[in-house]
Every structure is written in C-alpha cells, then in structure tokens.
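Student: Chains V, G, H and L, in that order, are what the protein sequence lines are.
For the record, in the first sequence the residue sitting at position 8 is 8 according to the working numbering, with numbers rising by one throughout.
For the record, in the second sequence the residue sitting at position 66 is 66 according to the working numbering, with numbers rising by one throughout.
For the record, in the third sequence the residue sitting at position 107 is 107 according to the working numbering, with numbers rising by one throughout.
For the record, in the fourth sequence the residue sitting at position 66 is 66 according to the working numbering, with numbers rising by one throughout.
Simulated from the structure, these hints should not be mistaken for lab results.
Warning: the hint list may mix true and false statements.
Since the list can't tell identical chains apart, any single copy or any two copies may satisfy a pair.
[Said to hold, decoys possible] List of simulated lysine-lysine pairs, BS3-like, C-alpha gap at most 30 Å:
(1) Lys230 <-> Lys252
(2) Lys252 <-> Lys24
(3) Lys24 <-> Lys4
(4) Lys24 <-> Lys266
(5) Lys24 <-> Lys134
(6) Lys13 <-> Lys2
(7) Lys17 <-> Lys266
4 protein chains.
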Amino acid sequence: SKWKIWSEQDVKKTLHKRDAYSHKGTFGTGLLIAGTDEMPGSAVLAAKGALKMGIGKLIVGTSKFASNIIAQHVPEATFSFDALDKLAIGKIPERIHAIAIGPGLTEQVKIEQALDTIWKSEIPVILDAGALIKRNYPKRTAPIIITPHPGEFSRLTNISTYEIQQNRIEYAKQYATDHGVIVVLKGTHTVIAFPDGTGLINLTGNAGLAKGGSGDTLVGMLLAFICSEKNMKAAVANAVYLHGRCADILVKEENERSIVASQLSKVIGKVLKEIE
Amino acid sequence: SKWKIWSEQDVKKTLHKRDAYSHKGTFGTGLLIAGTDEMPGSAVLAAKGALKMGIGKLIVGTSKFASNIIAQHVPEATFSFDALDKLAIGKIPERIHAIAIGPGLTEQVKIEQALDTIWKSEIPVILDAGALIKRNYPKRTAPIIITPHPGEFSRLTNISTYEIQQNRIEYAKQYATDHGVIVVLKGTHTVIAFPDGTGLINLTGNAGLAKGGSGDTLVGMLLAFICSEKNMKAAVANAVYLHGRCADILVKEENERSIVASQLSKVIGKVLKEIE
Amino acid sequence: SKWKIWSEQDVKKTLHKRDAYSHKGTFGTGLLIAGTDEMPGSAVLAAKGALKMGIGKLIVGTSKFASNIIAQHVPEATFSFDALDKLAIGKIPERIHAIAIGPGLTEQVKIEQALDTIWKSEIPVILDAGALIKRNYPKRTAPIIITPHPGEFSRLTNISTYEIQQNRIEYAKQYATDHGVIVVLKGTHTVIAFPDGTGLINLTGNAGLAKGGSGDTLVGMLLAFICSEKNMKAAVANAVYLHGRCADILVKEENERSIVASQLSKVIGKVLKEIE
Amino acid sequence: SKWKIWSEQDVKKTLHKRDAYSHKGTFGTGLLIAGTDEMPGSAVLAAKGALKMGIGKLIVGTSKFASNIIAQHVPEATFSFDALDKLAIGKIPERIHAIAIGPGLTEQVKIEQALDTIWKSEIPVILDAGALIKRNYPKRTAPIIITPHPGEFSRLTNISTYEIQQNRIEYAKQYATDHGVIVVLKGTHTVIAFPDGTGLINLTGNAGLAKGGSGDTLVGMLLAFICSEKNMKAAVANAVYLHGRCADILVKEENERSIVASQLSKVIGKVLKEIE
Ligand SMILES: Nc1ncnc2c1ncn2[C@@H]1O[C@H](COP(=O)(O)O)[C@@H](O)[C@H]1O
Ligand SMILES: Nc1ncnc2c1ncn2[C@@H]1O[C@H](COP(=O)(O)O)[C@@H](O)[C@H]1O
Ligand SMILES: Nc1ncnc2c1ncn2[C@@H]1O[C@H](COP(=O)(O)O)[C@@H](O)[C@H]1O
Ligand SMILES: Nc1ncnc2c1ncn2[C@@H]1O[C@H](COP(=O)(O)O)[C@@H](O)[C@H]1O
Ligand SMILES: [Mg+2]
Ligand SMILES: [Mg+2]
Ligand SMILES: [Mg+2]
Ligand SMILES: [Mg+2]
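One chain only, chain V, in its complex shape:
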C-alpha cells in the first residue's frame, strides 16, 4: 500500500547527525508569523519548538507587545515587527528557507494578502490556525503544508467533523491530491497525506495533548525540520512523530491531565537522545 505507519525505525533511518563542520547557515533560517497582543503564547510555543528542533536561525514576525513575551522564552530568536505587513504588501523576505504562518493570528485580510505573496515565492510554507483559510493553492515546487485539527479541516472542506473523523485517511488523501498540498490531519493518530497519494500514520502522542497550545508547538517543530532537512516527507513525519513522543515521555513522570504544551519542547532533547 502507499500508506504506512511511521515508526521509530523510520525516524532513526531518516534523522542524520549534524556535520561537525556545520555552522548556523547550514540549518536554515525560518520565519514564523504568529502571535498577537491577546494571543502571544502560540508564538512562544511554536518558537520554542523550532529552536529545540535545531533550526539555524529563527525570525519571529509578531506584534511588538507579543515580542516582549516571546523573547523571554527564546533569547535565541530575533524579531520583525512588520513581517506580516511586508508580506501583505507583496514583499518577499530575503534569505528565508521556510515560513510558518497562522498560530494566534486573526487578521484574515492581511493573512490572505500575505499568502498571495508567499505563493509567488518558492519558499516552503506551513499553514496553521488563522492561516487555514478556504482558498485555492497555487502550482509551485516548494511544499505547502497544512496542519488542521478535525474542526479546522471541517471548515476547509465543508464536511462535518463527525464525517471526517469516520474516514480520516480518505479525506486527508483526497484533499492532498486534489490541492497538491501536504495535509497533516491532527488528532489521535495523526494522518499525513502527500500530494502523490501516499501517506503516513503516526501513533505517538496521548490525551495529554488535548489542550490549547499543543498544535502550536508542532508548527514550530515542523518549521525547524522543513528548514534543515532535505527529505520533505521524512521531515514532516519526523516532526509529528517526535511531537507525540514528547507527550509520551512526559506522562511517565506526570499525568495526561497535568502536562502542558510548553513542556513538550523541554523534552525534545531527551527524546532525540533516546532515538539517536
């Protein structure tokens, strides 16, 4: 079959050691457009996820007010207060290897304009939350990755959440092949569908992830791997796998009730060590 379960063995095979002679440029610069005054935390979580997954450099496009909060958590990142505005007026940022856009964003019009600009570039892009808008995707070589949870996927497809959940693989596959995008349909046993009709199923993760913020951390983890890994399929699958595995390691010491999204990034290192 063209669909398979993504296992620890797959991760081991596809995650390479960092070259001794690498420098930060080797691992790419990611642009994360996320976070507003009333929703700064989504950007915190995504930024932390990106950094702990080994991104070379991270630029966070966010509001000045939100940047103050984000910077506390990620002194390794730099900020751009007008990144979204610039994208919205058609300016493609320079020397960026991947963009993630959406967590904590609300301004639909600006986001749509920004997407129009991104479509014209060949920068790989991850669309989440506020950037999961029903619209056409362009024909381009660089991947477009969408990360809806069932509710968001329902809004994108006009199919009810219940119906989607009855047939997660089929609906994800359909959307991926129809629109030429990579679909990460989140929720228990996340489904990853590629435009070529193939797909992967992830078994890591637990109900401790059923909380606000879990998805934001995943966006950052994906951004890091899209920036720094060559194999796009493996990059996406590995990020999803590791995200769930972080939750699995956390419930060994705590409880599904108590773990929160900000704890996920704290154990990325431990999880990578286990697998390496």
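Let chain V serve as the given structure and place chains G, H and L with the ligands on it in line with the hints.
Tutor: What follows is chains G, H and L with the ligands alone, placed relative to chain V:
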C-alpha cells in the same frame, strides 16, 4: 452523617482517565477574570493552576499590562483585555464552560455588574477575593462556588472571624443551605458545604500555605475541574484535596517556611501520578 | 564576652516550626521599597528572598516599569506604584509589619523624606544601599537595621574602608551603640552589632557572594524574618547565617565563580530542610 | 612553534580560586552594549554568560524595551538606556573595567562614533557582530578583541569565506599582527591569534553550537574574564574553551540538534566544577 472526610480513596474513585480519543474541546474552556496592574500575580497563579489541572482551553480576562506578566508563565492561555468590561455591560461570553472571578480584582462596581450578567447565564462560577461581595445569589441550576478564607467569610456573614473559626462546619453549612451556593471555607482543614446540607472536610495542606497567593492557585485548580469534570461535588473536593497535597509533597524536600504558591502547580503532575 | 559567633546550633534553637493553625496574617506583611527602571533586579532579588523565607504577604513599592520585571519572578507579591511617593509626603502605610528600603534606589531627596515619615512610625525598618544616607536616627522602640558593605559604611562614618576592615567589630559596635541601630556590616565574616553593645559574627558564605546582587537577596531575607519572628536579634542573625549558607550549599554543585545572586533564594528551602 | 592547542591542563593552570576576602569590586565592572527592540535576545545571552563566569558587576547598555526582557533573565545586572548614545558623543564611562559591544546592534554610525570614543580610553574592548566594522584600530595598550565568525571575518578582510576556511590560522594571525588586535576566529576549532604572532587553537564545542545565539553567549563569557582575570591570553582562551565545553557537556544529556544557546550558561557552573 451527611458530612465526611474526603480521602485519597475518594479522589481515586472520582478522577477518571482521559479518553484516548479526546481533544481540547472535551475538557472545556474556562474564563478567568483576575489580575490588575498592581496585582498581576494572582492571575498568574490561578492560570497556572488551571492549566496544570488539565483544562481544555483557558482565556484570561485581565488588563493588558497584567497580561504581559501572565503570558510569560502560561503560553498556553489566551487573553481578553475587555472581558470584565463586557460582562459588566451585560454581554455573556460564548462557548465558555465555567468562569472564575475575583483574584486580584478591586473595582467593586464593575464586579457587581459582571456578577449580575453571570447570574443570568447558566455558566458555573467560582467567586473569590474581590468577587466575594455581600449580596444575594440568584436561583439557577449551574453551581455558584464561593472560596472565602475566614476573614472573607466574616465580611460576608457579619460574624467575627473568631466565632467562625469556633464552628467552621456549622457556619459553612448554614450559608450554603441558606444561599444555595457551594461554600469552600478555607484555612486549616478546609470545609466544603453544599446547598443540600451535605459537606466534606479536607485534611491535606500545611502551614506552608499560610502565605499570599495560595488561594489564587486553588481558584485555578477549581476552575479546571469545574470545566472538565461531570460530578460537581467531587470536582470541588478533588481540587481542594490536590491543592493541599501539593503543599504536603513540597515540604518533603523543603520547609513550610520556604514553599511559595507558584511551586504548588509545579508538583500537580507528581501528585496526580502518585494517586493515579 | 558580649560578642559571639552565631552557629547552626543557634539557628536551630531560635527558628520555630510554623503553627499548624497559622494563616498568612500570622507571618506579617512586609513593604519593600526598591527597584527603578534602570535597576529593577535588586527588587527582584530582595522580593524573592523575602518570599522564600516565609513572609506572610509582600508588597513591593517600585516603578510600574520595574514591577513588570519583578512580577515575573514573584507572582506571590503585590505592588504599589506610589509607595515611595506616599511615604515621602508623610503617609504611613497601613497594616505593614516591617519596611525594607534602598536596593536599586537613587532619588536621595525622596528617600530622605520617606525616612522622616518612617521615623515617626513604630514599624521596624531595614536600610540598604540608596537608603544608607548619612543622617541622624530617631529615638524609637522599633528597630532600625542598616546593612552596609564596607564601602557604604565608610561613606556613613567618614572612616576609610581600609581602616574599617582592620577593625570591623569595633567600628560596627561603636556605630550601633552611638546611634541606637542594628549594624549588619557585610563582607567576609559579617559582623552584626546591636545597640546594647552586644554582637554576633557570621562565618557562613564564600567568595561566590562577591558579585552584584548578593546584598539585595539578603535584604529580602531579613525583611521576612523581621516580619515574622519575635526575637529581633535572632531574626537578623538567622537571616545573615542562612544567606551565607545558601552560597555554601551552591558551591558544592558549582563554583564560586559561577553562582549568582538569584540562585541563593532557590536553595533556601534546601538549607532550611538541612537545619530543621 | 608559537601556536598551540589550548587544553584542559592549560585551563587548570591559569584559572585561580577566588580569594576568600574578595568583594564584588575585586572582579571588575563590565559594560555590555548590546540588544535592540527587535534583537533583545543577544544581550540576554551575553549578559547571562558574563554573570555565570563570575563578573563583579554588569551594566547592560541597551534600549529600554530590550532591558525589560534582559532584566527577566539577569536580575543581577543593572541597565543604562543611554550608554551607546553617551559613548557616541564622546563620553567615556567611569569605573568600567571592560566593554563588549556589538551583539544585536544595527546602528552603524553610532557604533563607529562609540568606537572612536573607546579608542581614546584604555579600557579593554571586545568587538562582535554589529561592531565588526571594517576600519582602522588605534595604537593603545588595552587589548582590542574581535570575535568574527568566518562570514564576518570575510567582510572585515575582503577575502572569501571559502578561502578563509582553507587557511584559518594564517589569516587570523595575519590580521592580528597587522592590526594589533586579538582575533577570535570562530567556527569548528576556533582560532585565537594574538598581535605578537602567537596563537591558540580550541578543540571544544560541537555542531550543537551551529545556531543563532551561540556567539552571543561567548561574548559575555569573554567579558567576564577580561574584567576579572590578569592574564589576557589565558582569559580569552579559557572563555573560548569553556564555551565549547558547555556544549560538549550538554550533548551528553541531549542532542546536537536540541541544545540552544541559552542552555550554555546554565552548565558553566558544572563545567567549572569538573575542571576546578
Ligand atoms: N487525544 C489525543 N491523542 C493524541 N494526540 C492528540 C490528542 N488530542 C490532541 N492531540 C494532538 O495535539 C495537537 C493538537 O493541535 P491543536 O488542536 O491545533 O492544538 C495535535 O498535534 C494533535 O494530534
Ligand atoms: N495553616 C494552614 N494549613 C493548611 N492550609 C492552609 C493553612 N493556611 C492557609 N491554608 C490554605 O491556603 C489557602 C489560602 O487561601 P488565601 O488566604 O485566599 O490565600 C487556602 O486554600 C487555605 O486552606
Ligand atoms: N568574599 C566574601 N565572603 C563571604 N561573603 C561575602 C563575600 N563577598 C561578599 N559577601 C557577602 O555578599 C553580600 C554582598 O552585599 P552587597 O555588596 O550589598 O551586594 C553581603 O552579604 C556580604 O557579606
Ligand atoms: N560546528 C561547530 N562546531 C564547533 N563550534 C561551533 C560550530 N558551529 C558554531 N560553533 C561555535 O558557535 C559560536 C557561533 O558564533 P556565532 O556565529 O556568532 O553565533 C562560535 O563560538 C563558534 O565557534
Ligand atoms: Mg491549533
Ligand atoms: Mg485569597
Ligand atoms: Mg548592596
Ligand atoms: Mg554572532
């Protein structure tokens, strides 16, 4: 008797495992109205308590200045800068499963107006600190939970603190049955009185809790369980039990003098693990 | 002799267990006037020290800008943005059991006016850093505690630092008896001189304390004990002893070079546990 | 040969124990000019590095907005909001034992003017990032230390990065002797060239450092040792050695992918303990 001590066995019996197929919607969205420019920490503590107890989503209604401080501690939460104002002018927030109001609040008039709005809804509500105002409670199905310490209960009842402390169970029971509210009378051996005349006594906790902020953490813990648990009596009793137990676990490594309220949430996971 | 070395045995004898039926009011409310926009950290360190030593409630009088920084570290504290201004115009704060003033403060005139107000009250007070101004002390029952390092003591006394260091005990004793204040002359082997001519010498601490911020933590630790302990001599000596002991415990895992002032408060609990 | 590898033995021999009778003045006051509104983290990382390496006092010259973020991480530091402006108009700061300038800075003209002021003083200075401007260095006794990565060194020398990397030692040595400055040419096996033609090679560190922020931490570590150590060659070499060793200790628990720059300072104490 209709009164009993709430034990570890009771917690075990009433705390259920999270369903593998749950998502954040399964555990409810809580609205916490707390914190002002000069008292931001109360909201920090309550928010952290709510998140570490497994709430699905948390919205903190607070001042913009305070939100900056709170967001540092809880990137999983989102904010509303006008939640109290909106409640005060009669707007009932949508898709909220429980409200906690009071920690760090001072504006009496606005709070009273907000309470009038809440009374009209069927959203369960927790009243603490600044929201413990002497007034009539409405007849409604959704529970009203008040969490006074003896000093606050004295102000509510016009009975001296000394007198209350001589007969904690009786006064709590009286107030609960008279007003149709759940009374959590705090202090050594917290007393929980229900409107039906029954009640529970909690034996966890220690003098390490005798410090500013302990009660704020409890409010958040209660909010999470009111949001995500079915059995209201057990939800309240379990939150009170676990709050005290966090203090008990902390004094094993430290001292009653040294533990502070922000440490309570840090061991919720460990406590839940012990009990699970 | 009327002078002795303060030992672990002395601490053990004078530090009492918290009463099981205590509440936050039992341990007093302290007012810390410290921190400015360019020197916020001093207040962070003092506040943390106070809280980890078991103060009942802590109010930090500081600038609004500084409060944002302080609140991140001590969600258990509340703030007053005009506490110094109010003291300066003669308003004595209500329900305050002790005041510490000085860390990170620069406005000499306001501080002097505030001291004039404090003198009129019977609130115990700790003077440090910016509040170590050469001036007369009033006759009052409540203790005045000054905490100069040798350089600051030199400015207070017009005696050279070198000369002071040759005869630390004599100069501290002289000043304490002449002015009726408690002198905590800091530095290697801190000397504590009381107005009655008696004194104590502390042997804990190490060169890891020879860094900006160490003294600020001490101020907070003193404030907590002045607020919550009965015996003033023991309160001062215990705070000084424990402060040094925190540094001693830290260098077991790290190095005198690497320990920083904010780490001191983090081990207060461990130190208290060792001694309890 | 006049070039050698700097080993653990060399560090052991040159790092002295802190004198028991030292005070914060013994270890010098450093001025760090770093960080802007959109790049505050660089200053956070440098400041933390300086403090954990034992600097006596640290003043951070930065924007007010950035100071809020920095102060959260380093309550031990104080701030100057106009330090760069003052340097730019020719004012030499008082009682400063070393200056580090550049991380996160962008205003080229002001930086050049500030450097002109610094040249006139005899304060040792470290130039990094935004302060690595192609220009003449003055004749002075106090050392000038530059810390370029290969890309920055390429801009300073007009030699391609590729060419530099083929012959790191030769190019670093040439520049050091030609310009009378200490060159810390970063990257795998950092090369340290002194104006007298001698040099050192560092073998610690790993690809976990190939990320934004690693160099900022190094600047702070260098500043601390330039402030507090007598032997300038050893001071530079020890800071570089320890910086890499922090990364080496971190990958024992985590992975080269997951370690981030802010973690380096957290293990300085452990590394110093191992070596002491
Ligand atoms: N019950 C569950 N079991 C496993 N993973 C879950 C569960 N609930 C949520 N998740 C994951 O948590 C994240 C939630 O994303 P979001 O809804 O955007 O915050 C996704 O990665 C989901 O796959
Ligand atoms: N001496 C004590 N023993 C046990 N619990 C206490 C004690 N003092 C305070 N508490 C608890 O700490 C919290 C204080 O609430 P508050 O006064 O609102 O900060 C309540 O949950 C009290 O039950
Ligand atoms: N070399 C040292 N040995 C022991 N304690 C010290 C040493 N240097 C400083 N201290 C202590 O650190 C604090 C410094 O206060 P300050 O100078 O105000 O920051 C005081 O408590 C001193 O007693
Ligand atoms: N692959 C690597 N191996 C060892 N050290 C590295 C490596 N990449 C970067 N570094 C170090 O990390 C820091 C990077 O500085 P910067 O580029 O200014 O952030 C320098 O100290 C480099 O020597
Ligand atoms: Mg989401
Ligand atoms: Mg309370
Ligand atoms: Mg001092
Ligand atoms: Mg750099």
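Student: Against each hint, give a clear statement of whether it holds in the structure.
Tutor: Quick rundown of the hints versus the structure:
{"no.": "1", "hint": "Lys230 <-> Lys252", "verdict": "between (33 Å within a copy, 26 Å between copies)"}
{"no.": "2", "hint": "Lys252 <-> Lys24", "verdict": "between (34 Å within a copy, 21 Å between copies)"}
{"no.": "3", "hint": "Lys24 <-> Lys4", "verdict": "between (34 Å within a copy, 27 Å between copies)"}
{"no.": "4", "hint": "Lys24 <-> Lys266", "verdict": "both (21 Å within a copy, 21 Å between copies)"}
{"no.": "5", "hint": "Lys24 <-> Lys134", "verdict": "between (36 Å within a copy, 23 Å between copies)"}
{"no.": "6", "hint": "Lys13 <-> Lys2", "verdict": "within (19 Å within a copy, 45 Å between copies)"}
{"no.": "7", "hint": "Lys17 <-> Lys266", "verdict": "both (20 Å within a copy, 24 Å between copies)"}
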